[in-house]
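Peer 1: Heads up: the sequence lines are chains D and C, in that order. As numbered in this note's numbering, residues 9 to 603 make up the first sequence, in order. As numbered in this note's numbering, residues 9 to 603 make up the second sequence, in order.
Don't take every hint at face value.
One copy or two, it doesn't matter: identical chains are merged, so the pair holds either way.
Below are the DMTMM-like pairs computed for lysine to aspartate or glutamate, each with C-alpha atoms no more than 20 Å apart in a straight line [claimed, not checked]: (1) Lys599 with Asp558; (2) Lys78 with Glu482; (3) Lys598 with Glu326; (4) Lys336 with Asp182; (5) Lys599 with Glu326; (6) Lys105 with Asp154; (7) Lys388 with Asp246; (8) Lys199 with Glu482; (9) Lys551 with Glu600; (10) Lys70 with Asp429; (11) Lys598 with Asp558; (12) Lys579 with Asp251; (13) Lys15 with Asp251; (14) Lys16 with Asp95; (15) Lys16 with Asp337; (16) Lys86 with Glu57.
Since the hints were made in silico from the structure, they are not lab data.
2 protein chains.
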Amino acid sequence: MAQFYSKKDLFFQLFENLNCLQLTQIPFFSEHNEETFKLILDAAGQIAEKNLYPLLTEMDRKEPQLVDGKIRIHPGMKAIVKKFGTDGWINATFPYKDGGQQLPWTIHIASGFILQAANYSASVFPFLTTGAANLIRTFGSRELNDTFTPKMYSGEWQGTMALTEPDAGSSLSDLSTAAFPTNIPGVFKIKGQKIYISCGDHDACENVIHLMLARIQGAPAGTKGISLFVVPQKRVPDHHPNDVLTQGLYHKMGYKGAPIAHLMMGSEDGCEGFLVGEANQGLKYMFQMTNEARLGVGMNAVAISTAAYLSSLAYAKERPQGRKINEKDITKPQVPIIEHADVKRMLLFQKSVTEGSLALLLYCAMLSDQATHETDEAGKQGIENLLDLLTPIAKSYPSEMGVQSTSAAVQVLGGAGYTTDFPVEQYYREARIHPIHEGTTGIHGLDILGRKLLINNGLGWELLKEEIEKSIDELTNYPNLNDVRLSFENQYNKVKNTSKIVIGKSAAGAEIFLADATLVLEMFGLLTIGWMWIRQAKVSSEKLETPDADRNFYQGKIETARYFVEYELVKITSLSERLSSRLYPTITMKKEWFG
Amino acid sequence: MAQFYSKKDLFFQLFENLNCLQLTQIPFFSEHNEETFKLILDAAGQIAEKNLYPLLTEMDRKEPQLVDGKIRIHPGMKAIVKKFGTDGWINATFPYKDGGQQLPWTIHIASGFILQAANYSASVFPFLTTGAANLIRTFGSRELNDTFTPKMYSGEWQGTMALTEPDAGSSLSDLSTAAFPTNIPGVFKIKGQKIYISCGDHDACENVIHLMLARIQGAPAGTKGISLFVVPQKRVPDHHPNDVLTQGLYHKMGYKGAPIAHLMMGSEDGCEGFLVGEANQGLKYMFQMTNEARLGVGMNAVAISTAAYLSSLAYAKERPQGRKINEKDITKPQVPIIEHADVKRMLLFQKSVTEGSLALLLYCAMLSDQATHETDEAGKQGIENLLDLLTPIAKSYPSEMGVQSTSAAVQVLGGAGYTTDFPVEQYYREARIHPIHEGTTGIHGLDILGRKLLINNGLGWELLKEEIEKSIDELTNYPNLNDVRLSFENQYNKVKNTSKIVIGKSAAGAEIFLADATLVLEMFGLLTIGWMWIRQAKVSSEKLETPDADRNFYQGKIETARYFVEYELVKITSLSERLSSRLYPTITMKKEWFG
C-alpha cells in the first residue's frame, strides 16, 4: 500500500505542535480525550486505506456518465457513501442531541485530510452532505430538520450547495434563480438554473437535497435579496420527482470521480423549495459556513499535495540514476535520485508547502472551535477577527502552492511522472481545481486586502502580529535556530512595512488600492507559512532535547524550516519591491492593446 | 475558428523585431526573400488551420492503442504525415542537392511554432523525422543516405530518436543497449531496450527508422563508448520485420495524440543496426543536433502557451462577470472580465511569457543560422558560445513558464477552464511535458552553471552582456521607456553581481557550487526575457512614430514590457538574495530526515 499521508506528521501537528488537547477544556468537548481523538483518526485511516484509496485510479478512469437524464457514478461509491453515514462521519461534529458526537472540528477536518489524501473525489460526497445538513440544522425550522436531516446523517441522501449560475459565477449579486410564493407559508416554486453543482445528481443515494440560493419575487436587487431554500430532487415522503432536471454533466480535467451537474429547476413549474430561516438572509446564512468551507478547500489541496509528495519521496528513495556530483568514477553504482541536491530541493519544497499548510489549516480549525465556544465577547471577537484574516490565506496558499507542489512531484519522477503508470499525474490534475472553487484566488485577494486587513481597525492583523512576535521571542532560546529567526524577522519586518504602504494606497481610490491584491495575499501566505515553520522548528528543537526522541523526524522539521526561510520566505523581498511601486500596468493596459 | 497563434505578432517578431531578412545576405539563403518567407509561413498557417487544429481535441480523447503488438493512432494522422512529406516540410532546411529548399532554420522553426500551436501531438511526427534524417544526412554514408532518407523526406517513413533506457534516463553514460559486430562491415546486431520513444511505432507510416544510441561490444564505459545506429523497424528493401518489438505503449497525462513506445530490440537475435559515421562518436553526433532539439522543445512550450493565452484572451473579452471595482450600482450591466485588473494581470503574465519566449527562441534560431554559415572562425565561435549559453535558457524558461502560463489561462476561465468544454485544460496538461523531456530543468541548470557560464573564460556571458548593454543604450533615446530602462538596468546589475558570487562558490567544491544551479537558470531566464522585452519595447516605440502604425499593437507591446519589468523581472531580487546565502539546506538535509 502506497503511503498517502504521514500519520507521524499529522499526530505531531495535532498533539505536539498545536496541543489540540486544550480543546477538551471546553465544556462542549469535555467527554473527549487523547484516546477518543486518536481512535477517530485511526478509523479515518482505515476507511481511507480499505475503501477509498483502492478506488483512486479507477474512479479517475471510469468517469460518471449522464444516461437518460440521470448521472451514473462509479458503483463502488454506493457502499462508501452509506458507510460514511452509518459510521457517523456526517454529523460527527454536531451536538449529542442531533445524534452527533460533539467532535471538535479540528479533529474532524484532520480526519477529512486523511480521506481526501486517499481519494479526493470520494471524500467530497459526505463533506457536502455535512455542510448542507448543518445549514438546515442551524437555520431551518424543526419541521425541515425532521424531514430532511435524518436521512442525510445516515448517508441515504446526498446534500449539495447550489450557488453558481450561468450568468453569475463569482458575482453572487447577479444570481437570478427565482422563488415564487405559494399558498403554503414557507413553500415556494423555484425556477432557474444552477451550474457546477458537485454531487448534484448521482445514483449512489436515494435523494439529493439541494441547499439553494434564490431570489424571492419582489426581493431587493443584489446580495440583499437572496434567500436560502431546501430543494429536494425528489419530494418527501412520496419520492415523486420535484422538477429538478439534470441538464448536463461536466467533464473535467481531474476530480473526475465526483459528478458535477448542471441543474434546471421548474421547467414544468413543478419545483418546490422550502425557505430556510428568514427571507433575504440566504447569503448571511451561507457565509456563516464560509470560513469552514474555505478551510475545507484548503485542506483538500493540502491532502492531494501530501499524497503527491509522499509518492515522489518514495520514488526518489528507490530510483537509482546518476552519481553524486563529485563522483567521477562511472563504474561506481548509480545512487538513488534523492541524493541529488536538486531533487532534494524539489522534495523540500513539497514538504515545506504541504506540512506548513497543514499546520496553518489545523491552527485555523482550532481557532474556529475556540471561537464557536468562547463565552467572553471580546475574546470571541478577537479570535474571529484573527480567523477571518487567516481564512483567505489558508484557502489560497495551499491551493495555489498545491498546483506547484504536485508539479514538483511530477518533476521528481521525470518522464515516469507524466505517465499514468504513477498517480502523481492524477494528483497534478486534481490539484488544479482548488485555486478556482470556493472563491478564486483573485477573489480572496480582494477579501484580504479590501476587508480582512481593515475591519475593526485592523484588529486581525494586530493580533496576528502579536502571535508572530511571541513565536519570534520563543525562538531566542534556541541558538541552533538563530539563522532561521533572523531571516524570518527580517522578512516579517518587510511585510509590516509593505502593508503600511499598500494600505496607504487606499487613498488613491479602489482601483489602484486593489490592483495587486492577489500579490498581497501571496505575501501574507509566505509570512504565515513561514510563521508555521518557525513554530514547528521550535517545538522540534524542544523535542530533540528529550531522550528517545525520533531524531530523524525532528531534524527534518528543523532543516525544512531552514529551507522554507531560505528559498520561499525570501520571495517576500521581491513582492515587497513590486508592491511599493507606483506603476500600474494592469490598470494602464487597455483591453484593445492585447491584440 | 479559434485563434491559436497571432500572425501579427509572429510577423512583428521576425520582420520588425529580429529583422530576419538579414539572413538572405548569407549566400546559402540568397534565393530567399520576404515573399518566400511569408509564403512558407502562410502555408504553415493553412495546414495548421485546415488539417491540424480540427483534430486537436479528438486526438486527445481517442488515444493511441496497442493492439497485437502494433500501435494504432488516430486515423486522421495518416494524411497529415503524408502531407508533411509531399509538401516538403521534412527536408525544407536541407540543401537543394538533398531535395531541400535551403530554408533558414529560423523560418522553419517559426512555421513549426504555428503547427505546434494548432496541435502539438500532430506536429511532432515530422519534427522527429527531420531530426533523424538530418543525422543520417550529416554523418551517415552515401549508402545509408540513399537507403533511408528519400522515404523519410516523402513522409512514408517515420524517424525517431532512440536514446532513453529503463536504467539510464538522464544518465546517458549508463546506457547499455549493445551492438555486436557481424561479418558485414558497418552492420551490427542490436540487443537492448529503449523507453519513451516518441512515434516509436504507429500505423500511419510504412516503416519507422530509429536513430539509436548503443554500445559496441568492448567499447569504453561511459559516454565515450556510445555509437549511433540506424535501426529500422522493418528491413529494407524487403520489409521483413527487424526484431524490434513494441513492448509497450505509454499512457500519459497529455500529448496523447503522439504514441510513445517501449521498444525491445533483438529478443530473437535478429535486430540489424547500421553504424552511422564512426564508432564511439554517437554522443558527439547527437549533441551536434542538441541545440536545435532543445530550442525545438522550447518552441513547443511557447506554441502551447500561446494557444492557451489566446484562448483565455478571447474568453476574457466576451465573458461578462461583475462590475468595475469602483462601480457600486448593481443595476448596471456586468462588464467583460478583461476589465478587472487581476484578470488583466493574468493575461499580461501570459502575453509577457509567451511573446518574450517567442522572441528569445527566434533570436536563438537566427544565431543558429548565422553560426552554421559564418565563415570567420572567431566570429563563428562567438556566435556559438552565445547560442550555447542561451540554449538552456531558451529550452527551460518557456517550458517552466509554460506550465504557469497555461495555468493562468485555466484560471482566467475559472470553473469553465477546468472542464473539457474549453481547450485550456488540454493545453495545461500538454505543457507539463516540456520541463521534463530533452533534458529536465535541473539538467539544464547544471549545464548553464557548470559549463556554459564558464567555457572559453565565460565568452558567452561576456557577449551576452555586450548585447544587453547595447540594448540598454538604445533605450535612452526613448524617454517614454525611462522607467522600464532604469528598472531593467537595476536588475541586470544584480545578475552581474550575483553571477560573480555564484561562480566564486566553485572554490567550495562542486556540491555547493551547483546546489542552486536551477535557480541560477531561473535568474538568467528572467534577465534574458526582460532583455527581449526591452528590445520589443524599443522597436515598438520606434514604430509608433511612423504614420499609419497599428498603435494598439505597439502600445500593448510597451505596456507588456512594463508589466514584465514590474512583476516578473523583479523576482531577480529574491533570487539574488537566496543565491548570495551561505546556507545550503538542500545539501545538509539528510535523506533519512524526510520521514
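Peer 1: If a hint holds in the structure, say so; if it doesn't, say that too.
Peer 2: Now the hints, each set against the structure:
no., hint, in the structure
1, Lys599 with Asp558, "between (58 Å within a copy, 15 Å between copies)"
2, Lys78 with Glu482, "neither (58 Å within a copy, 66 Å between copies)"
3, Lys598 with Glu326, "between (52 Å within a copy, 15 Å between copies)"
4, Lys336 with Asp182, "between (66 Å within a copy, 13 Å between copies)"
5, Lys599 with Glu326, "between (51 Å within a copy, 11 Å between copies)"
6, Lys105 with Asp154, "within (13 Å within a copy, 87 Å between copies)"
7, Lys388 with Asp246, "neither (45 Å within a copy, 85 Å between copies)"
8, Lys199 with Glu482, "neither (58 Å within a copy, 64 Å between copies)"
9, Lys551 with Glu600, "between (60 Å within a copy, 18 Å between copies)"
10, Lys70 with Asp429, "both (16 Å within a copy, 18 Å between copies)"
11, Lys598 with Asp558, "between (58 Å within a copy, 14 Å between copies)"
12, Lys579 with Asp251, "neither (53 Å within a copy, 54 Å between copies)"
13, Lys15 with Asp251, "neither (46 Å within a copy, 50 Å between copies)"
14, Lys16 with Asp95, "neither (24 Å within a copy, 62 Å between copies)"
15, Lys16 with Asp337, "neither (39 Å within a copy, 53 Å between copies)"
16, Lys86 with Glu57, "within (17 Å within a copy, 46 Å between copies)"
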